[in-house]
Every structure is written in C-alpha cells, then in structure tokens.
Amino acid sequence: MDNAILSFKDVAKSYPDGENTLDILQAIDFQLNKGEFIGLVGPSGAGKSTLLSLAGALLNPTQGEIYLDGISMASLSPKEQTALRLSKIGFIFQSAHLVPYLNVKEQLLFVAKLHGTAKGDANHHADELLDKLGLTHRSKHYPDKLSGGEQQRIAIARAMMNDPSLILADEPTASLDFSRATSVVEWLSHEVNEQGKGALMVTHDERMLRFCDRVIQLEDGKIRSIS
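The opening residue of the sequence shown carries number 1 in UniProt numbering; numbering runs sequentially from there.
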C-alpha cells in the first residue's frame, strides 16, 4: 500500500431493518493511489454516498478495513477520526455551503484556524489558492456577491486549504452549467495529479468522467466494474 492514499479491503456496510439486515455495500475492494482521480458512478441507491461517507470517516464499516495513508480508520477513537478528517480529508459537496458572514479569504482562513495553522502560513496558502483559481480580485467579497461557479471554486479551495491527502467530492458540479462544471473538475483533476493527492468524485454527469483516471461503477452495493 506504499502508493495508496485510500484502501478499501472487503468492506461492507449494513443496517438493521426490523428482523432483517439491509445491506448497503458488500465486498468493496479498491485502492486509490497518489495523484489519482477516480470517478464513482451508479444508479440512485447503489451505495455511492455511503461509500463516500466511509472514505471520509463519517461512518464505520460493518465489516472490512479502510486505510487512509496507511492508517486503519477503525483503530481510531472518534476524537482521532475528527482530527483525521480535518488534517487529511477535504470535502466538496453539491452546494458550496459557504459561511454567509465570511468573505472569500476568511472562508479559507477559518478552516486553517481550526487546523491550528500559523497565520502567516495560512495567509500565504490562501492567497496562492485564490490566485490559482483566478479569484484574487474576489477575496473581499461575500458569498451572496459570487456566482455559482465562483462559490464552488471557493468550496474547492477550502477543501484544499489544509493540504489534505484525500479529496472527496459528492456531485460537485450538480448546480453548475456545463462550462463552469468543466472548468471546476478540470482544475481539481490537475491539482490532484500535480500534487500527488487522491480524489474520489461521485457524479451523474458522464461528461465529467473524461477528467478521471479511473471510473468505479457501483450497482446494488457492489463494484460492477473498474475501468
């Protein structure tokens, strides 16, 4: 697992359902390597969101092991899992979920503060990310003054702020038109590849899959194919 950022080993997730058991995921095995961007597709109810939640240490598996940077997530206490999420995982959701009373740069600095990053380092990294995204001129603007595409780019910058090993994106382009969606995913793919991070993206838009290195097809809680 030397090159692996994320590894699923025979992972299953189920819930009690009356006298029965509801199997959400079964026998999930895959590895996400450094610099790799994987797309996760499948019909509604296939288990995509559950898989992403497991990868983000938001849920624990019923069976199997999940490793992030060689660390078994199941071996960590809830407090340690919270610290792991803050330092090693960046989350991007369908909606940007920006804090309305913080301006663009403050959105990034707030995350860095939670992580305990020194102010000077945080300022430098925030400026660097905003420059890469072409949003330096928007640094003092508040969310209600930004377009949908700008808001989502800020959400991506926020996810990258603590230099995480793993990026988890759940339908990050669902609220964007094709042009903005393409720009956002292309930039994310480039950053993941260049910086040796790993990214797992759930999407229903097959046009975005051209930016992925591999695609995992989920169906009925199982991996049907990896291409």
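There could be a bad hint or two in this list.
When the alpha-carbon atoms are kept at most 27 angstroms apart in a straight line, the in silico DSS-like pairs for lysine-lysine are as follows [claimed, not checked]:
#1 145 - 132
#2 119 - 79
#3 88 - 132
#4 132 - 119
#5 132 - 9
#6 34 - 222
#7 140 - 9
#8 113 - 88
#9 140 - 119
#10 9 - 34
Cβ pair distances, simulated, as ranges [stated by the list, open to error]:
#11 118 - 207: 37 to 45 angstroms
#12 118 - 17: 33 to 41 angstroms
#13 121 - 23: 43 to 51 angstroms
#14 74 - 16: 17 to 25 angstroms
#15 29 - 142: 38 to 46 angstroms
#16 35 - 71: 39 to 47 angstroms
#17 190 - 17: 16 to 24 angstroms
#18 94 - 29: 22 to 30 angstroms
#19 145 - 65: 42 to 50 angstroms
#20 214 - 71: 20 to 28 angstroms
#21 16 - 131: 24 to 32 angstroms
#22 69 - 16: 28 to 36 angstroms
It is worth saying that the hints were derived from the structure and are not from the lab. Beta carbons: idealized from backbone N, C-alpha and C, even for Gly.
Taking the hints in turn, this is what the structure says about them:
no.: 1; hint: 145 - 132; result: holds, 20 angstroms
no.: 2; hint: 119 - 79; result: holds, 24 angstroms
no.: 3; hint: 88 - 132; result: holds, 21 angstroms
no.: 4; hint: 132 - 119; result: holds, 20 angstroms
no.: 5; hint: 132 - 9; result: violated, 36 angstroms
no.: 6; hint: 34 - 222; result: holds, 24 angstroms
no.: 7; hint: 140 - 9; result: violated, 45 angstroms
no.: 8; hint: 113 - 88; result: holds, 15 angstroms
no.: 9; hint: 140 - 119; result: holds, 17 angstroms
no.: 10; hint: 9 - 34; result: holds, 18 angstroms
no.: 11; hint: 118 - 207: 37 to 45 angstroms; result: holds, 41 angstroms
no.: 12; hint: 118 - 17: 33 to 41 angstroms; result: violated, 49 angstroms
no.: 13; hint: 121 - 23: 43 to 51 angstroms; result: holds, 45 angstroms
no.: 14; hint: 74 - 16: 17 to 25 angstroms; result: holds, 20 angstroms
no.: 15; hint: 29 - 142: 38 to 46 angstroms; result: holds, 45 angstroms
no.: 16; hint: 35 - 71: 39 to 47 angstroms; result: violated, 19 angstroms
no.: 17; hint: 190 - 17: 16 to 24 angstroms; result: violated, 43 angstroms
no.: 18; hint: 94 - 29: 22 to 30 angstroms; result: holds, 27 angstroms
no.: 19; hint: 145 - 65: 42 to 50 angstroms; result: holds, 46 angstroms
no.: 20; hint: 214 - 71: 20 to 28 angstroms; result: holds, 23 angstroms
no.: 21; hint: 16 - 131: 24 to 32 angstroms; result: violated, 50 angstroms
no.: 22; hint: 69 - 16: 28 to 36 angstroms; result: holds, 32 angstroms
Going down the numbered hints, you'll see the structure goes against 5, 7, 12, 16, 17, 21, while the others check out.
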